[in-house]
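Undergrad: Here's the letter readout for the chains.
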Amino acid sequence: RIMRPDDANIAGNVHGGTILKMIEEAGAIISTRHCNSQDGEPCVAALARVERTDFLSPMCIGEVANVSAEITYTSRHSVEVQVNVMSENILTGAKKVTNKATLWYVPLSLKNVNKVLEVPPIQYARKEQEDEGKKRYEEQKLDRLETKQRNGDVILPVINPEPHTVGYSQSSLIHLVGPSDCTLLGFVHGGVTMKLMDEVAGIVAARHCKTNIVTASVDAINFHEKIKKGCVITVSGRMTFTSNKSMEIEVFVDADPFVDEPRERYRAVSAFFTYVSLSKEGKPLPVPQLLTETEDEKRRFEEGKGRYLQTKAKRQAQMQQSAQQ
Amino acid sequence: RIMRPDDANIAGNVHGGTILKMIEEAGAIISTRHCNSQDGEPCVAALARVERTDFLSPMCIGEVANVSAEITYTSRHSVEVQVNVMSENILTGAKKVTNKATLWYVPLSLKNVNKVLEVPPIQYARKEQEDEGKKRYEEQKLDRLETKQRNGDVILPVINPEPHTVGYSQSSLIHLVGPSDCTLLGFVHGGVTMKLMDEVAGIVAARHCKTNIVTASVDAINFHEKIKKGCVITVSGRMTFTSNKSMEIEVFVDADPFVDEPRERYRAVSAFFTYVSLSKEGKPLPVPQLLTETEDEKRRFEEGKGRYLQTKAKRQAQMQQSAQQ
Amino acid sequence: RIMRPDDANIAGNVHGGTILKMIEEAGAIISTRHCNSQDGEPCVAALARVERTDFLSPMCIGEVANVSAEITYTSRHSVEVQVNVMSENILTGAKKVTNKATLWYVPLSLKNVNKVLEVPPIQYARKEQEDEGKKRYEEQKLDRLETKQRNGDVILPVINPEPHTVGYSQSSLIHLVGPSDCTLLGFVHGGVTMKLMDEVAGIVAARHCKTNIVTASVDAINFHEKIKKGCVITVSGRMTFTSNKSMEIEVFVDADPFVDEPRERYRAVSAFFTYVSLSKEGKPLPVPQLLTETEDEKRRFEEGKGRYLQTKAKRQAQMQQSAQQ
Numbered sequence: 613r614i615m616r617p618d619d620a621n622i623a624g625n626v627h628g629g630t631i632l633k634m635i636e637e638a639g640a641i642i643s644t645r646h647c648n649s650q651d652g653e654p655c656v657a658a659l660a661r662v663e664r665t666d667f668l669s670p671m672c673i674g675e676v677a678n679v680s681a682e683i684t685y686t687s688r689h690s691v692e693v694q695v696n697v698m699s700e701n702i703l704t705g706a707k708k709v710t711n712k713a714t715l716w717y718v719p720l721s722l723k724n725v726n727k728v729l730e731v732p733p734i735q736y737a738r739k740e741q742e743d744e745g746k747k748r749y750e751e752q753k754l755d756r757l758e759t760k761q762r763n764g765d766v767i768l769p770v771i772n773p774e775p776h777t778v779g780y781s782q783s784s785l786i787h788l789v790g791p792s793d794c795t796l797l798g799f800v801h802g803g804v805t806m807k808l809m810d811e812v813a814g815i816v817a818a819r820h821c822k823t824n825i826v827t828a829s830v831d832a833i834n835f836h837e838k839i840k841k842g843c844v845i846t847v848s849g850r851m852t853f854t855s856n857k858s859m860e861i862e863v864f865v866d867a868d869p870f871v872d873e874p875r876e877r878y879r880a881v882s883a884f885f886t887y888v889s890l891s892k893e894g895k896p897l898p899v900p901q902l903l904t905e906t907e908d909e910k911r912r913f914e915e916g917k918g919r920y921l922q923t924k925a926k927r928q929a930q931m932q933q934s935a936q937q
Numbered sequence: 613r614i615m616r617p618d619d620a621n622i623a624g625n626v627h628g629g630t631i632l633k634m635i636e637e638a639g640a641i642i643s644t645r646h647c648n649s650q651d652g653e654p655c656v657a658a659l660a661r662v663e664r665t666d667f668l669s670p671m672c673i674g675e676v677a678n679v680s681a682e683i684t685y686t687s688r689h690s691v692e693v694q695v696n697v698m699s700e701n702i703l704t705g706a707k708k709v710t711n712k713a714t715l716w717y718v719p720l721s722l723k724n725v726n727k728v729l730e731v732p733p734i735q736y737a738r739k740e741q742e743d744e745g746k747k748r749y750e751e752q753k754l755d756r757l758e759t760k761q762r763n764g765d766v767i768l769p770v771i772n773p774e775p776h777t778v779g780y781s782q783s784s785l786i787h788l789v790g791p792s793d794c795t796l797l798g799f800v801h802g803g804v805t806m807k808l809m810d811e812v813a814g815i816v817a818a819r820h821c822k823t824n825i826v827t828a829s830v831d832a833i834n835f836h837e838k839i840k841k842g843c844v845i846t847v848s849g850r851m852t853f854t855s856n857k858s859m860e861i862e863v864f865v866d867a868d869p870f871v872d873e874p875r876e877r878y879r880a881v882s883a884f885f886t887y888v889s890l891s892k893e894g895k896p897l898p899v900p901q902l903l904t905e906t907e908d909e910k911r912r913f914e915e916g917k918g919r920y921l922q923t924k925a926k927r928q929a930q931m932q933q934s935a936q937q
Numbered sequence: 613r614i615m616r617p618d619d620a621n622i623a624g625n626v627h628g629g630t631i632l633k634m635i636e637e638a639g640a641i642i643s644t645r646h647c648n649s650q651d652g653e654p655c656v657a658a659l660a661r662v663e664r665t666d667f668l669s670p671m672c673i674g675e676v677a678n679v680s681a682e683i684t685y686t687s688r689h690s691v692e693v694q695v696n697v698m699s700e701n702i703l704t705g706a707k708k709v710t711n712k713a714t715l716w717y718v719p720l721s722l723k724n725v726n727k728v729l730e731v732p733p734i735q736y737a738r739k740e741q742e743d744e745g746k747k748r749y750e751e752q753k754l755d756r757l758e759t760k761q762r763n764g765d766v767i768l769p770v771i772n773p774e775p776h777t778v779g780y781s782q783s784s785l786i787h788l789v790g791p792s793d794c795t796l797l798g799f800v801h802g803g804v805t806m807k808l809m810d811e812v813a814g815i816v817a818a819r820h821c822k823t824n825i826v827t828a829s830v831d832a833i834n835f836h837e838k839i840k841k842g843c844v845i846t847v848s849g850r851m852t853f854t855s856n857k858s859m860e861i862e863v864f865v866d867a868d869p870f871v872d873e874p875r876e877r878y879r880a881v882s883a884f885f886t887y888v889s890l891s892k893e894g895k896p897l898p899v900p901q902l903l904t905e906t907e908d909e910k911r912r913f914e915e916g917k918g919r920y921l922q923t924k925a926k927r928q929a930q931m932q933q934s935a936q937q
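As you go down the protein sequences, you meet chains W, A and V in turn.
By my numbering, the letter at position 160 of the first sequence is numbered 772, and the numbering carries on one by one without gaps.
By my numbering, the letter at position 274 of the second sequence is numbered 886, and the numbering carries on one by one without gaps.
By my numbering, the letter at position 125 of the third sequence is numbered 737, and the numbering carries on one by one without gaps.
In short, the hints are calculated from the structure, not lab data.
The hints are all genuine.
It does not matter which identical chain is used: a pair holds within one copy or between any two.
No more than 30 Å apart at the CA atoms, straight line, and that leaves these computed lysine-lysine pairs for DSBU-like: (1) 857 <-> 926; (2) 708 <-> 822; (3) 892 <-> 841; (4) 895 <-> 723.
Every value quoted in this text rests on a predicted model; they were computed, and no experiment measured them.
Start from the sequences, fold in the hints, and give me the full structure.
TA: This is the structure in structure tokens:
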């Protein structure tokens, strides 16, 4: 579809969150279709996880987004979908790859939302494809278990923070979940949640560096808990790490089933977003260093640095590999 | 994309206007891409006309709309696009054709919006395709000239109207044109206009028969005049004709460039929409007859009857033809 | 226009904020049109103030909102607009008055946004209408000056609050101002701001009493400061007073022009919203009493009580008056 002014920031760059929402909708369609392709209980595919995603090139207002999706692996209870997004300037004909994302879906029964159904197996062109898929499946399963631990943290408010401290840029928004945010099962689309997360992360980044900022990448996101229609969700973000030219922001989503439910507020999702700051000509700008004050902030900064260096090393290894080929 | 609650009426049927808007967006993308495919002045394709469109089967919330578009004819200054819409129930896999629409676009220069550019010619697989296209082109050109005359009429308000008279159900809405309604040239997307027209026509139909109603067809719509960002548009509808099971509603769109422009309010578009009334089981219901009072109303009723009988005759001829094949 | 699922809460009642937004759009159109009716500098009417508004009856999904607006007074630099909203059930034909609102607009030059232009005078049917209008004009002018003082307060966060305290239900959201939120001058529509304010107030009310809640009334709102495109706005609300069956919530809007502007965060608007809690049958429910802890909270509670008793007395006086007529 054509990108509109509402999809973009004032510099004309389409929000990463808009793109993540399109990716998730494409993934939900293809995996729901696949899981219902054999006779049996009707089901809806729910997003369980999005792998780390890099935003390779910016998309602008007036360009057309082409989204294509393909099922690349199925386990007994989950589907791996590969989604590619291309931006196309229909005036010049120029096309660029914007994103390559990998998503994991789980089929939930339409009659009983707590029942996970079986996934019809796909055919692989080559045996190695199945083996590689299985490896990816095992890896993400492990990672999902790990993040389930980490979720207890909360963002506490800070009074009169100094510029460039963590408290200075931290932000949160609340959103009442409406019918258009939800799937047929009455749960929030993963894509809607990711769009709100990107919105908060973007505001944190902009408050920190006061320039035009764009999403550079999103770390793997696990959707441990569903969010029901009528909930109030609180999305909060704080900066955890800055390198010379990038900022890492941790985002939490808490759901508050405050009407008609005996349940307490709970952590539904958390993730790390990386942003860069751009000049008017679209060149990356230096980022003011994050000032850490408490022990926790210093620890999180070091952890963020670890993730940053690891990603950098991986990217260099990939570049070397492709140079050798 | 997946149809959401906001795309549909309270019975769960997707609004005809939502479908028309998707059709027009697909048409605008493919024709803008084509018109810029050769080096030359960059341009944006503007909707000039939509041919008569029948809604063949209803689409529901939760279904996926598949929209495909193809260029079927080019004249020197215009492009004919054929757009097909299929509804797909991704739970059952059932697919149905919802619409087949034909749209005409004209390339306007991005630098000078009043300059119509030349269209790169397409290749035809067979000579007859070109001849048939040319015939369609000549026909629609004639029809466009004719409707340009008819546009002077206005809808006057009626105090305390009797049930089932024209005044009883006539309706109007105003809309302030915002940035997301507009193309790169700053003019309202034809699809946005059609969506508003369908909304008003639907209110007229529902007021008349007080049941669940759905769009059955839209007569050819000509877009004589562009509407600029910042205009206020007034969309008004009145019933012109009822058969036993259908209602015809005439809709006018007037634009009011009330800021920054010396220009008077003008008629931008007009069209006829046909609605049917459905029972809870989705069966067509009888429609209360329209009570005409004035001479003008009686004349319009007869003209509507003429269109109704003509369409019916055409459809029977087509069915006979396909039965013979 | 027809009320959609997204316009309403899960009980099907249309949000007060949606209605306020429609009212403001109608007011902005009629006053901009009036101010441009004589030759002269083109201008856009900006909302300066909304008088106290009562929500007389709820509106539901599927109903049609009829909004009508009329200019009732003009001073040299401002326009008073009266807007009426009726809800119409198009299936039964039943109509009910939902709102009567009075709004004040000021014409700002399209070329120089800081220049207030002169308003063409209107003709009054009777001399008394002009005198009464002048009286209303003077009264609101006084009130606008007063509220300008009061605006320094901030809502501080509370850690681990007890149920039914002020800290327990206080809420805030951030919103990045996008193009669709803005007028031709690039400033946020007053209606967009009011919709966000109602959203936060509604969440505060729902968090306090954990039932289905609806907007009962909004106190006069003054728009002292414009908010520009690209700003981040923080909307925060806290409960100030509860009677047996109503809750008063104070809402602040702060604007943060964080990109490309040397200016600090500033208070743009503040207002009091009153909510009631409804049972599933739509009957008013008793509201848990607000627990005040600090001196400030106790003071605000007493002030809220004062407003509540004053409004109650006014309403009773009006009812007596109309009983006598």
